[in-house]
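Join these two chains into a complex; the hints should help.
The lines below spell out each chain.
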Amino acid sequence: MKTKKNQKLFYRAIILILLIAFAILAYILFFILPKGVGVIDSTPTTSGKIKFLFSIYGPGGGKRPYFNKPMSVATDRDKNIYISDTGNNRICVFDSKGAFLFEFGERGVAHPEPGLKSNWKPGKFNFPYGIDVDSETGNIFVADMHNKRIQVFDGGGKFLDWFPKGPYGGTAPDIYPTDLAVSNGKVYLCNPYQVVIFDTEGKFIKDFGMPGSGNGQFDRPNGIDVGSDGTIYVSDCNNLRLQAFTPDGKHKWTIGKKTGIEMKQGREFGLPRNIAVGPDGNIYLSDAFHFQIKVFSPTGQKLAQMGKRGSEGGTFNYPNGVEVTHDKTIYVADKENNRVQAIQLDGFVIEK
Amino acid sequence: MRKFVLVLTLASLFVLVVAGTALAAGHFDNAGDRTMEITASNCFECHAGAAGHTGGPHGGYATGTDKCQACHDVHSTSARANENPALLMGQTTTAACQYCHDLTATWAGPYNFTGLSSIGAAHRVVGITAYDFTDSEGSLNEFAPLTAGLSVIPGGNAADGSEGAYTATKNPLTNKDPILSGAVFTCNSCHTPHGVKTVNKYLGESFVKYAKIGSENRLYLTNRILKQRPNNVSTSVYEYSSTWCLGCHAGRDDLTGEYKHNHPVEETAPGYRLVELALLNGNVNNGAITSQTDFYTAINAGTFDGGRTYVTFGDATKDFTTDPRTNQQFAMTPTDFMSNDTARSTWDGYDPIERKDGEGNWVYVDKGPACQQCHGSAREVEAKFAQDYFAAGEPARANFPHISANKALLTETADDFCTNCHDPNILP
Chain A
1 MKTKKNQKLF YRAIILILLI AFAILAYILF FILPKGVGVI DSTPTTSGKI
51 KFLFSIYGPG GGKRPYFNKP MSVATDRDKN IYISDTGNNR ICVFDSKGAF
101 LFEFGERGVA HPEPGLKSNW KPGKFNFPYG IDVDSETGNI FVADMHNKRI
151 QVFDGGGKFL DWFPKGPYGG TAPDIYPTDL AVSNGKVYLC NPYQVVIFDT
201 EGKFIKDFGM PGSGNGQFDR PNGIDVGSDG TIYVSDCNNL RLQAFTPDGK
251 HKWTIGKKTG IEMKQGREFG LPRNIAVGPD GNIYLSDAFH FQIKVFSPTG
301 QKLAQMGKRG SEGGTFNYPN GVEVTHDKTI YVADKENNRV QAIQLDGFVI
351 EK
Chain B
1 MRKFVLVLTL ASLFVLVVAG TALAAGHFDN AGDRTMEITA SNCFECHAGA
51 AGHTGGPHGG YATGTDKCQA CHDVHSTSAR ANENPALLMG QTTTAACQYC
101 HDLTATWAGP YNFTGLSSIG AAHRVVGITA YDFTDSEGSL NEFAPLTAGL
151 SVIPGGNAAD GSEGAYTATK NPLTNKDPIL SGAVFTCNSC HTPHGVKTVN
201 KYLGESFVKY AKIGSENRLY LTNRILKQRP NNVSTSVYEY SSTWCLGCHA
251 GRDDLTGEYK HNHPVEETAP GYRLVELALL NGNVNNGAIT SQTDFYTAIN
301 AGTFDGGRTY VTFGDATKDF TTDPRTNQQF AMTPTDFMSN DTARSTWDGY
351 DPIERKDGEG NWVYVDKGPA CQQCHGSARE VEAKFAQDYF AAGEPARANF
401 PHISANKALL TETADDFCTN CHDPNILP
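Line order of the protein sequences matches chains A and B. Residue 1 is where the first sequence starts when you use the numbering used here, and the numbers rise one by one after that. Residue 1 is where the second sequence starts when you use the numbering used here, and the numbers rise one by one after that.
Same shape as in the complex, but just chain B (with noise of 0.2 Å):
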């Protein structure tokens, strides 16, 4: 008896001991490495005020500026060198980007918006910190690395619309494929931090076309650091255009009928001409600027704030608070829902596209819809366009494409969506 219990004890001893130090060993487990590679440095370069396109190390290079070191790292161990041909401390130029991107050292943080509730849809970039739209809550995890990035574009295929478009030619520098290849879609397949080839500046969306400095109101034009040459397509785009977005989206080229598409887009229209669009409603009210030469003039000639461009126009009760963008453009109807003009025959010299429905009205008429008409942040285009110009609270805040709460990058949703420019009453 007394030799069964002696064994006991010290069984159970043995197994209170090892089963502690296994439990402590599991516990203290590293479970592995979770290092997280991000690169990018300098952020405070934001605010230098440097000549160039933008702000920030975004271009401006010179002799008294320092700007390349802000994100590439050339001879220091630290940098990842071997892992990153670019010389970025990191792996991706995402993860570079969102170090400063994250709304604690710039307000532009467009995976970062702050309002959103609910995550409908994202141009997602894929690197190490893209993100996790997945929550239980269906709202945005910032943050939550994604381990593989889309591998079907939207309206990309031409044959099939299925897949990604694919069809930009080998990177002339480097001889490489596109960097869009659905696995590594990034910052840079959009955008360059480098200044040049970039597209000409466009009023801006949202919060940063428009900023009321002191008393003035003015205007925020910007190229977004918009790479002319989106996914490295072979021919550059000047403008932010429909065109720009075909460098991916090619399934939804124009009626040429050489591409399939569901909807017809204007190839050549640019989605924001809202300066033209701004001269002609009379919201750039300043004496001097009558064209958009003027218009040009003016902007360049006036900066502010590390080379981003604010025009200072001069009726306070003309502002752009709300989205001066209308369907006087991109009208699918004869008359312009807001102002009642009748429809441009020729826009910049460009010839319209002319459809009529069976009983010989125009349908068609002015020039085709862009993608940015229809694809942009949310807002009540409706209530914009044929009700109140000046109505507050609209537009929202800027999150196209980046995310979106509409689930198609849509402006909007339902048949309000489409009778924007269709009007019910001459419906064929």
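Bound conformation, chain A alone (with noise of 0.2 Å):
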């Protein structure tokens, strides 16, 4: 009698091993091993005030394992990272620990040479730039830039629609789009010399903007964002310069100036490149010639200016897209490091 029960307790002990082992490895696998094949470096490690989390360099495996040039970097509700591997003409994506969960895209071109045929189908694209979330649909939209259109896709990556389908209705020709945000069911690209606004549906709505360094003009745009109180923010790329228009598009402020040696030691930008306002309100920016990531109040207050060149973790090379999150981890497409960073900003401070 003695020996069936203990022969029943050990069986149960056993049983109980096998689930905590089950466990163990279920953890493992879902919630640190990347879904698919991450390649992912997470040693931590700090560079000045930038406290490093993790670098992601591609999905690891499939017929092109590592990113090639990533321009762009978004995130949704969940915090999962959507990222414009441009060099690859794809979109992937991952989960907020950096795990690859699926990718879709390739190169189709839209517009070709004269007397050759379009390969471009939905869902392919010729230079994937800009790209956000619609955080109410979950939608991915992407700024197609050479195929000139805006291709919408559920959070799934299952291309639904692209716009503008003939002459977009507003001052320039056509969109050549580099960055894109959406909000409040508009999207806001940058065009070359122009800001277009469509609604989500790819209705166009209203531009603003002509070319020149005047407030209110541009000349190539590379960054392009929205404060929850409807304000437009503006990487003014080549003009070196940060803009704020109001919803309607009338001017605000403007940070930053082009100018002659004479003058550098004020000059605010290296290259500013993509922007993303943050949960804070504040207005992060990627500066690709300074290597650094700054920090603006919305009334275009520097707040903090942080990193350097380099390879390691929490430096840059050229870095190019940024978006922020609700728990203030900072994405950073780390362009010519052909990776995306996450990191976290230890205070606000002016690194030169």
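Everything labelled a hint here was simulated from the structure, so no lab data went into it. By construction, the Cβ of each residue, glycine as well, lies at the ideal position given by its N, Cα and C atoms. Be aware that one or more of the hints could be misleading.
Distance ranges between label pairs, derived from CB positions [what the hints assert, rightly or not]: (1) S236(B) - T299(A): 54 to 60 Å; (2) A172(A) - T235(B): 42 to 48 Å; (3) D199(A) - C68(B): 54 to 60 Å; (4) K206(A) - L87(B): 44 to 50 Å; (5) A62(B) - G138(A): 50 to 56 Å; (6) K79(A) - K407(B): 44 to 50 Å; (7) P279(A) - L87(B): 39 to 45 Å; (8) A62(B) - P279(A): 43 to 49 Å; (9) A414(B) - K257(A): 52 to 58 Å; (10) L87(B) - D280(A): 35 to 41 Å.
Some residues of chain A that are not near chain B, with every Cβ distance over 10 Å (derived) [to be verified]: (11) M145; (12) I205; (13) A288.
What follows is the structure, given as structure tokens:
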């Protein structure tokens, strides 16, 4: 009798051990290991006041395991990470820990050389650059730059629509979108000399801007985002400045200007590229030539600049894309390091 | 039995934990250094408007500019001076160029041409940001790095045409070998960003040669910051001509008999003497411009946007939306296809190349062809030359010589290509 009882306890213990073992394995598989075959560097380190969390170098498997000049990055409500892998003409999606989820897209040319046929099909890209996720629907919007269109996908990467399908209705002949932002049912994008606004269905709303260096004028803007009050922030790339506009496109303020050598010390930006409005309402800007992330208040006051050139965690090599999540994790499309970094700022400081 | 089950359980647990750890370790492997070396800075200067041969940081250095720092970093710790003797922040000049010339900051992105669906050939530059054309789709795979450059320069070797030219002397400034070696062919093998020692301006191809500014049609002339000494040839070449190409492609030299060649090329013939052609064809119809000298006087006086030169020409019905090139200058037949003009016996003092067929007919009249007459951006040459000079849709946007839909970087293919110059009616 006693033996039978002991035997029963023994087998229960074995079952318990096995359950624990499987639980550990499940934890490893689902929470530590990337889904699919990710390529991550997660060695904890700090660089100045930048706390490095991890880097993603690519899906890790398939035909193109590594990123090729990732230009922009976005996140959704679940903090999944969406990356424009521009050089590979695809979008890669990872979870908040950098585990690879899925990818979509391949090269397709909508506007070929005269005499050649277009090989574009929905979901194909020719230099996918700006990317953002509609927080309301989870749909993914991609600025397909060379194809002169915005493509829309559902949260799983299934193609939904593209626009504009003809003249977009604004002042420029067509769109040639670099960065874009989706906010409050609208899509804001940077044209070479304008800001163009559509609704999320692709209906043109308005555009503003023209070539030049005056207030409200642009020269190759490469970054755009919208504050909670509707303020439109534009990284006016070749004019070396950050501009802010009211929701209807009226100029509010400008930081930075192009200067000659005499004023170089006062130059605010090396080459401002993508921007992101953080949960704190501040504007996070990727400065490609200063190899820094810079932070500005909604009124244009500089709060922080951090970073230096390098290939180690927390350093950058021509950073281009930037995104900030609600837990203040900053994702940086570190273009020339062919990676996307997750970092956090250890306080706001002005690093030289 | 119990011992056996216990051992089996513990073993399974061990395997599971170890396997998980091993998998985790493997997936977190950084898989080597994937740092990409690239440099270029201050692309914003591309629209600075400084005086110089071109816009951007390409020349026009003065006390009020700081263009040098656009590409060079003298003292910063970020500079990779120990890796790059030119004090560029990246390893290669090609890499430096590519940061701006990717179409996000300038329209001039020769390796990022937007419309070419099928890449037939490319005048590739080696560098970390060079390009891999082996994409399974047969299309451009932007940015894919090449690990090695072309080791064979077409028409390069004068002896057998098989290998690189290597005909240039050492760089007199550095006493180094020519920069074109087949392995280190970079943007600056042909271009110089410094705004000096560049070839004379010419009417550029395609979209940059013509601009409509407001209601005005304007010409765009450029030197494309091409070096006077491509491949560091020992003698400066002032025109973008066949001689310029021969800095590397020596095996396609003139009819001197000293070089092997399978098609004669007039060494001294500028490939893009299009200003004269434009004048002759009445397409520069500004009353003040009646000669080449007038033309250059005018263009030097009128600058627009960063030193790039535009010229307004008055007759709105005459424009350069189509390529003004004809075979008039390089006709292999006695008359021009398009205009029926007879060939000129001389051109700017150059003696014509005279050849007759077996029956005594002139076959080679006027000058021989220039490299650029056959090798250029793809276009329907015959249609343009023989049918409708002002037909819409041509020329194609410039992609020569960087990438081309044609495998030999030719303007077109098949017999149409040959008969542009060789009139079938008078072939021997």
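Going through the hints against the structure:
1. S236(B) - T299(A): 54 to 60 Å: For T299(A) against S236(B), whose Cβ atoms are near 56 Å apart, the range 54 to 60 Å holds.
2. A172(A) - T235(B): 42 to 48 Å: About 46 Å separates the Cβ atoms of A172(A) and T235(B), which means 42 to 48 Å holds.
3. D199(A) - C68(B): 54 to 60 Å: 47 Å, violated
4. K206(A) - L87(B): 44 to 50 Å: Cβ of K206(A) to Cβ of L87(B): about 46 Å, so the range 44 to 50 Å holds.
5. A62(B) - G138(A): 50 to 56 Å: Holds, at about 53 Å.
6. K79(A) - K407(B): 44 to 50 Å: For K79(A) and K407(B) the Cβ distance comes to about 48 Å; the hint holds.
7. P279(A) - L87(B): 39 to 45 Å: 41 Å, holds
8. A62(B) - P279(A): 43 to 49 Å: 46 Å, holds
9. A414(B) - K257(A): 52 to 58 Å: 55 Å, holds
10. L87(B) - D280(A): 35 to 41 Å: About 40 Å separates the Cβ atoms of L87(B) and D280(A), which means 35 to 41 Å holds.
11. M145: Its Cβ does come within 10 Å of chain B, the nearest being 7 Å, so this is violated.
12. I205: 24 Å, holds
13. A288: 8 Å, violated
Of the numbered hints listed earlier, those contradicted by the structure are 3, 11, 13.
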